[in-house]
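*Asks:* Work the whole structure out from these sequences, hints included.
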Amino acid sequence: MDREKRNTNYNLYVESKIPKTKAWPSLFKAFLVGGIICAIGQGFFDLYSHLFPNLAESEVTTCMLMSIIFLTCFFTGIGFYDVIGAWGGAGSVIPITGFSNSISSPAIEFKKEGIIYGICVKMFTIAGPVIVCGVVGSIICGIVGLVI
Amino acid sequence: MQTIKFKNKPYLLNGYSIVGPLEGKGPLKDYFDYILKDDTLKEKTFEKAERKLLQDIVVGAIDAAGLRVDNIEFFFGGDLLNQIVSSSYTARELGLPFVGVYSACATMAESLALASIFVDNGLAENVVAGTCTHFSSAERQYRFPLELGNQRPPTAQWTITGGGASIVSNTPSNVRVVAATFGRVTDYGIADVNNMGAAMAPAACDTILEHLKNMGRSPKDYDFIATGDLGKLGSEILIDLMEHHKVVLGKNYSDCGCMIYDKTERVFMGGSGAGCSASVFNGYILSKLKKGEFKRVLLVSTGALMSTTTSQQGDTIPGIAHAVEFEYCGGEQKDKAKKQLQSVKVMAGKKSANEKRVNMTVISKKPAKRSGDD
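Each protein sequence line maps, in turn, to chains A and B.
Numbered according to our numbering, the first sequence spans residues 1 to 148.
Numbered according to our numbering, the second sequence spans residues 149 to 522.
Don't read these hints as lab results, they were simulated from the structure.
All residues carry an ideal CB built from backbone N, CA and C; glycine is no exception.
Mixed in with the good hints, there may be bad ones.
[As the list claims (entries may be wrong)] From chain A, some residues computed to sit far from chain B (all C-beta separations above 10 Å):
1. Pro25
2. Phe52
3. Val83
[Unchecked claim] Simulated restraints, written as ranges between beta carbons of each label pair:
4. B:Gly398 / A:Arg3: 46 to 56 Å
5. A:Pro19 / B:Asp178: 47 to 57 Å
6. A:Ser58 / B:Arg240: 56 to 66 Å
7. A:Ala23 / B:Leu294: 20 to 30 Å
8. B:Arg240 / A:Ala23: 50 to 60 Å
[To be verified] Taking lysine to aspartate or glutamate and the EDC-like style, the derived pairs with C-alpha atoms no more than 16 Å apart in a straight line are:
9. A:Lys122 / B:Glu287
10. B:Lys157 / B:Glu273
11. A:Lys17 / B:Asp340
12. A:Lys112 / B:Glu413
13. B:Lys380 / A:Glu15
14. A:Lys111 / B:Glu195
15. B:Lys196 / A:Glu113
16. A:Lys5 / B:Asp335
17. A:Lys112 / B:Glu287
*Replies:* Here is the structure:
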């Protein structure tokens, strides 16, 4: 009991000593980085709709996503995306680039353990939960949609 | 008693430290023996690089002490990688009898204390104690892939690339090991793996208080008290905790994790890892001790004893701290050398006359000792 009390007090004390992340600068950086990434995406979208006027809008979107994902993998590979991520925070995590980075970075990292046990197994260590949640979420939504 | 006072006070013959490129830019850059230009050490993986690093450190320390690998009787060491592989593989390469130790980032102090016990009790003449860490292999094991674009919380610390090793010996030198305190495992309920300083500070406090009490000293008696890797937040907490026990840590206190990096580097609360106290001790502190600029030093390496599995299962982080006390004995050693020289001269004079008798006594002593042992 005494120990619990001591630990609670200590945790409260430590909490009071921890420097807080400043909200506004982080928000601004995230807005800026996220905004730039989205603007680049929009740029690709406009470019592809101009170059290939016969494509449907959904197909142009797919092409745009592919380009953005490729660029993220490229920047991850040359060791630049983690710099953007460390500065921009959620701004670089929320768009599809964050997802792409979270798959390509463990693939690069664990290449040394071989193709099967390294790349294939470890590739989804970070993105895995997102995929699982996405699939489970869509199943639930589907069932709900069916009932309604 | 938790503190072991060494009767014969073993000597620290020499130490050797190697750090990575980032640490080599820090304020202690002039004290490290070698600064790596390439942190892969031309190896294919970071794990291989880490063991190469430790191997270079151990060989460097043996060379710096003017010894050869076959003069070393035991290698006390450990590291942060699972199953302390870097140390084991180093011991394999060097062919040294290996005593693997693990207390996370407190491994340096623990190895030094164990090595000193061996030498103090005459179980060995020359023993090497060392450890190292590599930022990239530690990140891989404990955190995220290097290229993942994530942000660290402000309480995070930066595992250093580097390490150090010391030679504990019965051959006289300027530095002696006076005493060692093995710490209790202390857990104040911190569960955040990104706030290890706070998890380890109570352990450091407990060990320092115990050591001071058993040695009958106060922090003022030391020229320097260094904790291992509490970082900025952790050392602030330690000062508060010590004040709570009415012991004031003054300007002679610092933390190796706070000392190793330049303030402009993005390392958050400072350095961490087993190599942190190992490199700062063998680089900075030992060179000050050897010159006599520090007369009495207390090294308190701190470790967080969790694993990735325990953290994921929501367990709190147990902390540990081991303390080793060193003193400068330069003046004393000169006196001793003089005395030895005199006794050698006297012996040389008497030798020719007593040669037969000396030989006789040596022969007669041996069987007597043996029968006693049996």
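*Asks:* Checking each numbered hint in turn, tell me which of them this model violates, lowest number first.
*Replies:* 3, 4, 5, 12
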